[in-house]
Structure formats: C-alpha cells, structure tokens
Amino acid sequence: MKLDRWIDHDSQMTPIDFQVTSVYIEKGTRMTGLGSALLNMPEAARTTPSFCLRLITAFLLTAWSCVGAQNLTCDQLIGEAFLYLDANRPDITCQDLHNLAKGGVIMYPCRMLNEYIARKGGSHCLGYCDFPDLVIRQARHVDFLPIVYSGQTDRLPIVNSGCPVPHQQCEANARFRTLDGSCNNLANPNLGKSFTAQTRIVPNAYSDGLGSPRSHGCDNVPLPGPREVSNMMHAADTEMLFEQHLTGMVMQVGQFLAHDLILTEMFKRPNQDPLKCCDADISNVNCFNIRLPANDPFFMANGCMPLPRSIAENDCNNVRQQINSQTSYLDLSVNYGRTLAESNILRSFSGGLLKEVNGKMMEDVRQSTCDMKGPTSQKIFCPLSGDARVNEQPGLASMHNLWFLEHNRIARGLARVNPQWNDERLFQEARKITIAEWQNIVYGEYIPILLGPDTMKKFKLSLHDRSYRDTYNPSVDASIINGFGVAVMRYGHTLIHRNISMVDTNMGSMMTPDDLSNHFFKVGLYHSHDDKGYKHMLRWISTERLPLFDGKVEQSVQRFLFKDRQADSFDLVALNIQRSREHGVPGYNAYRAVCGLKIASHFGAGPGGLVDHDPKVADRLSRVYRCPGDIDLFTGYLTERRTRGGLLGPLGQCLMGMQFKRLRDGDRFFFERNDPLVGFTREQLANIKQIRMSNIMCENNENTVIQPRVFFRPTVRRGPNPMVSCSRLPKLNLDLWRE
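Heads up, our numbering is the position in the sequence shown plus 13, with the first residue counted as 1.
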C-alpha cells in the first residue's frame, strides 16, 4: 500500500513512497504486530527519538485501516509498517509528521494513539514532537491514563477513561441510518454518534488548559459575572418589539432543531438525583455556580444560582471534552430516540407505527403529573418522546407531536400501497421519508432565514430545486462543535415570546395570552380542548409575530425560567454564559478570527474596534467587559448587527453556516444524495422537495387554511404569502414508493 492512498494531494506534503509488504519472522510465522516488534527490540532502542518517530508514523499510515478492525489486525498492520520504516526510513523527522498530519490522515488519531500505542509502551514518544495539526497537539509530558472500557457502547463514556474507541462493526450495505448515529461514517463509525465528545474548531480556553472553567480575561482580571452581563446586555425592554414579516414558527422550529442536534447532560449524584449545587453539594467539584451581584434588580443579593457541570470525558491530552448525548445528525432522533433501546420503547411494533394515544404521543407513566414543579391533575401525564426535554414548554411538546403524527401518517400510507411490507420495513421507510422532509425544510426554508442569500451561497448550502446534489465527503466530521450548542444555536433565546396562546381553525382567538413562565414543565395546554390544545397552539405560533432579533431576552426566561413552587427560578442568559465558560469556550474574538472576520482591539465602532456592533451596544459592552477579547461568544455574536437578508450578524452566520455545511457534507444518508443504496429515486426526491412546513401542518394539525410559507406572516389575498386552502398545497405521493 502507498502513502498516496491516505494523503490529501492539495496539501504541501512531500509524499513518502511507502510500500509495506507482509513481514514474516523466523520459521514463516506471521508477525503478530507492534507488541512483538517492541519485544524484539533492545530497551535502549525503545527510548530514542528515531524509534518514536517511526512508531507514530507507522500508526498514522495504517490508522484508516485500523478503524473498526480487531486489535490484532490493527497491531499487525502497525507492526508491519513499523518494521518497514525501521529498515528503510530511519531518517523520519518531526517535519515529516507535521506534513503527514496536514494530509488529513485520520480525524481522531488521539483516541487511537492512546489505545494502540500508549498501551504498547510508546506513550513517552509523544514528548519528542509538537503536533499542531493533530488532535494530539501539545501532547508533551502527558501521563497517559489507562484504558477503562466497559464494553457497553450505549452508555456514557467513563470520565477520565483515557481515549477508548469501542470496536464497531458496520454493515456497509445498510439502507437505513442507525438509531444512535453510529456507522454513518464507515471509516470512523463513532463520528456523530450519541454519547460522544463534541469537537472544537479553536483551542480550548480553560484556565489551566485542561478543564478548569474559563474565569479570567485580559490582565488576568476575573471575567464579569454572567448575571451582570445578562442584566447589562440582554435584559428586555418593557415594550416587546417584533419582526415585521416573520412568525413565531422561527423560534419554535429553532428550539426543536437545536434539540435534534445536541443535548449536553449534567452531572448528578451517584443515585442519579440532581446535584444541589447551592445547598448540600455546594463544594462538589462538579458544581460551577453563578454568584449573583449585590445590586441585582431581581434575585437575592450575593445569592447563588446552581449549575452542575456538563458530563465530559478527558481526551488523551487529559483535556476535558463535553459529551453530546444526542446524535449530531439531522435525523429526528429528538423524536425517535438516540439509542435502539429508547426507540423500542416508543414503537408499537405494528404497522411501522410509533405508540399513539388519542392522536398524541404515548404518555410517560413514570411521571405522576405533567407539572413536575407544582400541583396539577394526577390524571394528566407528560407526553413521552425521543428527547427528555419534550415537556419544557407546551409549544415544544406540540412540535414534537406534529412530527410524531407525520411519521405515523406516512407509515399508514406506506402500508396501504405496500401491504406486503412488515413492521420493520414500514417503520424504517417512514422514518427515512420523515427525516428527508425535515432536512428539506431545514435547508430549504429555515436556515436561509438565519443566514441570508450571501452566506447560503458562500457555504453552498442551497438545495437543488428538484434533483440530486450529492455533497457527501467521508473526511468531513459532522460532530457538533463545542460552542455551537452552548452559544451559537441559542440565538432563539432572543426570539422567545413572553406569552403563549391559541387560535381555532378559523384563526380566531381561543384564550387570553398568558405569561410563558407559567407553563414551564406544565403541558396542561397541550392536553386542553378535548386533547387538541397542541393543534391550537401550533396555529397561534404559525401566525403570531416573531419577537425582534435584538439580543434582548424576555423576563419569562431572563428572570423566571423554570420557576418552582418556592418561586426559585433561573436566568437563561446567565446559564448560557456560565455554561460556555465551563466548557472552556473561548471569547468572541477567537471565533471572529476563525471566520476570517476582523478582531476587535478596542471598544470603538471604528477600524480595529467592534465594527459589526452598533456604537451604543459597543459602549455597553465596554462597561461590563475589561477588553474585547473577554467578550463571551454568546453575548458577542448575539448583539452584532444583522447582515443583508438574514437574521444573524456576520459571526453568527459564519458559525451557523460552518456547522450546517458539516452536518450535510458529513451525513452519508443526507436526503439529496445520488446513491441508490441510501437515497431516493429521482421522482421520490422531487416529490419530497415540494413539501414545506405548511404541508406538515395541513396534514396533521386540522388546518383548513394556511399561508404557504409558515415562517413568514400571512399577507393579503393578492400578496406574496396569502392564506390558501390546504387542498391547494402539494401532497406527498406515496404511490411513488409502491413495490
């Protein structure tokens, strides 16, 4: 095999002509791998720089072949490569390794180095070179941790476990994506899988470089308190302002979308009870509480707002990396579950259907009431879906139910045209079509609103009008970027309406708007009106004006988030900022640099300053932060001026575009792929591309009329987006799936 097979020829690497042949030792016995190679070498030879360079090079050259292979097979490959290098290339240098890394040989060498090299006695080798282009960057003097792996791939990784990569067998000819996201990337089966580490696009900003939360800024001065930043930069005005053309569906789909992509769970007590970080567990190392300012206008002076740390694992640099419990892919795991076991709970195993009760999702009988924070009827149960956050507020539960109904509608339709299909085939085909509709809406309708035409064009994110646009690239890591979940994807917090309400099928009001803070974890409205409350809420959301995207956050979540019976509550903005610091997410300037945007060296709005901020906003930033480099990512990007045609400012558009390009290009099952194994026929794809969010509403929400573009407010009859009869909208033609 030649090195050319692994390198990126666009890099500036000088290819090493590397031909590995089968190596045999005495009496024709096949070499059993790296372990044998080490044992046959004198101890002194195993501590030299040249030995280490050959060892790591051998690993890198064979790493792709090792992914998913048995340890013995991998050891054989590495051993053969090492012995060949030992005999033929004793002059390998650190520069060779730098060049090799630039070739993009493997995405996760760090994890595999720990398992296949460190455990073979070569961990000291990483002290001889810096590897700025690898995940093993700055790995010198690291005391590698022992491998601890339970063998149960459906469980959370063990913190401080080193860097285990469980062996994963993939079925290359599988027609449907797995429930846990594994094996989407056949070469790297864990990419995007649930319960795996988030990735980083900039170095961490931990105080100690390893895992201590970001706490100090320029001149080593402590960063401002998160609640102080929230009060100064994000507190809403008395009067609620609105976008001129957009509806509340932008916020509600955004929340559902965020939950489909990421879930960062928090540490708990050993018995799985929540940590009481401001009380009995205040000294627990996994608590990172928010200290409230003495002059706070609402919360108790000098009080405490609890925040358990995110579940994480240490990589083989001993750096803390937070876990995404959700699959990274746009796959509606938010409804189907993130593991096979979770999915099985939700399925009826009849006709491809999810379990249904009175036209709604199944009930979670494990919880006695839908009001987990206060008294309510014991006869009302919380709906159960693929994501535990389904009951955060009634609008979210309603969106879950909408897509739940769409799956079951499609499954029933497929059963009519293909009565010979069994339950499993019906479930998987219905799931595949529903996910395709979801992806079509996200890329075709939703993210253009956030990014605008210029950024959509820059990242080449637009869908083909009717046919294929296959952009899949197995070298793209679709994992969620650390900073995306705790900051960037939280743009919707400035779009939250202070109220919640309902309208009937004639778009007439059914209730006096009520404060949203009265309905957190209370889904009584969802069950109201003869179990059709969720439909009335979705109609209200699809016509109500969207709050202005201005960086301000309503008191319902900036003061009263998750208010309980004791009137204790949270500030969502302060939690966002503190969580980002806990994750070691760098400040605003670091991400501006990654995006090729000008960084700020002063707080003025002119050259060298905060050029994408309004001068008044920049002035407020100067009064809370010591220098521009200290500005938290969430606050910095959310307060930028929006750019032409999109809601977000320049940094938000860049980071959002970057992540959604990865999510598309790194997804082997993306619905536009021209692949007969995992894709659709040309006719099926063209039909799916006709389906908008308005179609999903009409088919499942008892709407009689709707505006075709539900993210935009309805216009007058002769306007561009008038109310029309649902019968005039295109339909999903399941006859195209007839066999």
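Note that these hints are calculated values from the structure, not bench results.
A few of these clues could be false.
[Claimed, not checked] Using 25 Å as the maximum straight-line C-alpha spacing, the simulated SDA-like pairs for lysine to any residue come out as follows:
1. Lys545 to Leu742
2. Lys629 to Pro306
3. Lys471 to Leu270
4. Lys674 to Val691
5. Lys674 to Lys629
6. Lys445 to Lys289
7. Lys373 to Lys629
8. Lys565 to Asp544
9. Lys281 to Arg227
10. Lys445 to Glu369
11. Lys565 to Leu270
12. Lys373 to Phe534
13. Lys368 to Gly426
14. Lys545 to Met375
15. Lys445 to Gln181
16. Lys535 to Val691
17. Lys611 to Pro466
18. Lys545 to Val691
19. Lys368 to Gln441
20. Lys545 to Glu405
21. Lys281 to Glu355
22. Lys373 to Ser356
23. Lys674 to Gly465
24. Lys281 to Val298
25. Lys470 to Arg482
26. Lys674 to Arg686
27. Lys470 to Ala606
28. Lys289 to Leu270
29. Lys473 to Glu696
30. Lys470 to Met671
31. Lys373 to Ser522
32. Lys629 to Thr251
33. Lys373 to Asp544
[Unchecked claim] Pairwise CB distance ranges (calculated):
34. Ser740 to Pro283: 54 to 64 Å
35. Asn233 to Met520: 56 to 66 Å
36. Ser480 to Ser228: 51 to 61 Å
37. Met279 to Ala314: 38 to 48 Å
38. Asn431 to Glu184: 30 to 40 Å
39. Asn233 to Arg188: 34 to 44 Å
Small disclaimer: the values here were computed from a predicted structure and weren't measured.
Don't be surprised by glycine CBs; every beta carbon is placed ideally from N, CA and C.
Hints and how they fare:
1. Between the alpha carbons of Lys545 and Leu742 the distance comes to roughly 23 Å, so the proposed pair stays at or under 25 Å and holds.
2. Note on Lys629 and Pro306: the hinted pairing holds, with a Cα-Cα distance of about 24 Å set against a maximum of 25 Å.
3. Annotation: proposed proximity of Lys471 to Leu270 holds, straight-line Cα distance about 22 Å (limit 25 Å).
4. With a C-alpha separation of about 20 Å, the suggested pair Lys674 and Val691 falls inside the 25 Å cut-off, and the hint holds.
5. With a CA separation close to 34 Å, the supplied pair Lys674 and Lys629 exceeds the 25 Å bound.
6. For the hint linking Lys445 to Lys289, the alpha-carbon distance of about 42 Å lies beyond 25 Å, and the restraint is violated.
7. Of the supplied pair hints, the one linking Lys373 and Lys629 is violated, its CA atoms being roughly 48 Å apart against a limit of 25 Å.
8. Pair hint Lys565 plus Asp544 does not hold up; C-alpha atoms about 34 Å apart against a cutoff of 25 Å.
9. The suggested pairing of Lys281 with Arg227 holds, with an alpha-carbon distance near 22 Å, which does not exceed 25 Å.
10. A C-alpha spacing of about 19 Å is found between Lys445 and Glu369, which places the hinted pair at or below 25 Å, so the restraint holds.
11. For the given pair, Lys565 sits about 21 Å from Leu270 by alpha-carbon distance, which is consistent with the 25 Å threshold.
12. Restraint check for Lys373 and Phe534: the C-alpha separation of about 17 Å stays at or below 25 Å, so the hint holds.
13. Restraint check: the Cα-Cα separation between Lys368 and Gly426 comes to about 16 Å, which is no more than 25 Å; the hinted pair holds.
14. Under the criterion of a C-alpha separation no larger than 25 Å, the hint pairing Lys545 with Met375 is consistent with the structure, at around 15 Å.
15. Restraint check for Lys445 and Gln181: satisfied, since their Cα atoms lie roughly 23 Å apart, inside the 25 Å limit.
16. Our distance criterion of 25 Å between C-alpha atoms is broken by Lys535 and Val691, whose separation comes to about 40 Å.
17. Among the hinted pairs, Lys611 with Pro466 is consistent with the structure: their alpha-carbon atoms are about 21 Å apart, no more than 25 Å.
18. Of the supplied pair hints, the one linking Lys545 and Val691 is violated, its CA atoms being roughly 36 Å apart against a limit of 25 Å.
19. A distance of roughly 15 Å separates the Cα atoms of Lys368 and Gln441; the hinted pair therefore holds under the 25 Å criterion.
20. About 18 Å separates the Cα atoms of Lys545 and Glu405, which keeps this hinted pair within 25 Å; it holds.
21. Only pairs whose Cα atoms come within 25 Å are accepted, and Lys281 paired with Glu355 is accepted, the gap being roughly 21 Å.
22. Distance check on the hinted pair: Lys373 and Ser356 sit about 17 Å apart at the alpha-carbon level, within 25 Å; holds.
23. Straight-line distance between C-alpha atoms of Lys674 and Gly465 comes to about 15 Å, which keeps the hinted pair within the 25 Å bound.
24. Between the alpha carbons of Lys281 and Val298 the distance comes to roughly 12 Å, so the proposed pair stays at or under 25 Å and holds.
25. This hinted pair checks out: Lys470 and Arg482 have alpha carbons roughly 14 Å apart, not beyond 25 Å.
26. About 14 Å separates the Cα atoms of Lys674 and Arg686, which keeps this hinted pair within 25 Å; it holds.
27. Restraint check for Lys470 and Ala606: satisfied, since their Cα atoms lie roughly 21 Å apart, inside the 25 Å limit.
28. The hinted pair formed by Lys289 and Leu270 fails the criterion: a straight-line CA distance of about 30 Å is larger than 25 Å.
29. Between Lys473 and Glu696 the alpha-carbon distance is near 24 Å, which keeps this suggested pair within the 25 Å criterion.
30. At most 25 Å may separate the alpha-carbon atoms for a hinted pair to count; Lys470 and Met671 meet this at roughly 12 Å.
31. Between Lys373 and Ser522 the CA atoms are separated by roughly 23 Å; this keeps the pair inside 25 Å, and the hint holds.
32. Proximity of Lys629 to Thr251 is assessed by CA-CA distance (about 19 Å); at most 25 Å being required, the pair is judged to hold.
33. Distance check on the hinted pair: Lys373 and Asp544 sit about 8 Å apart at the alpha-carbon level, within 25 Å; holds.
34. At about 58 Å, the beta-carbon gap between Ser740 and Pro283 stays in the expected band of 54 to 64 Å.
35. Between Asn233 and Met520, the C-beta spacing of about 58 Å keeps the proposed range 56 to 66 Å intact.
36. At roughly 52 Å, the beta-carbon separation of Ser480 and Ser228 lies within the given 51 to 61 Å, and the hint holds.
37. Taking 38 to 48 Å as the suggested C-beta distance range, the pair Met279 and Ala314 does not conform, at roughly 26 Å.
38. Between Asn431 and Glu184, the C-beta spacing of about 23 Å breaks the proposed range 30 to 40 Å.
39. A C-beta distance of roughly 56 Å is found between Asn233 and Arg188, which places it outside the suggested range of 34 to 44 Å.
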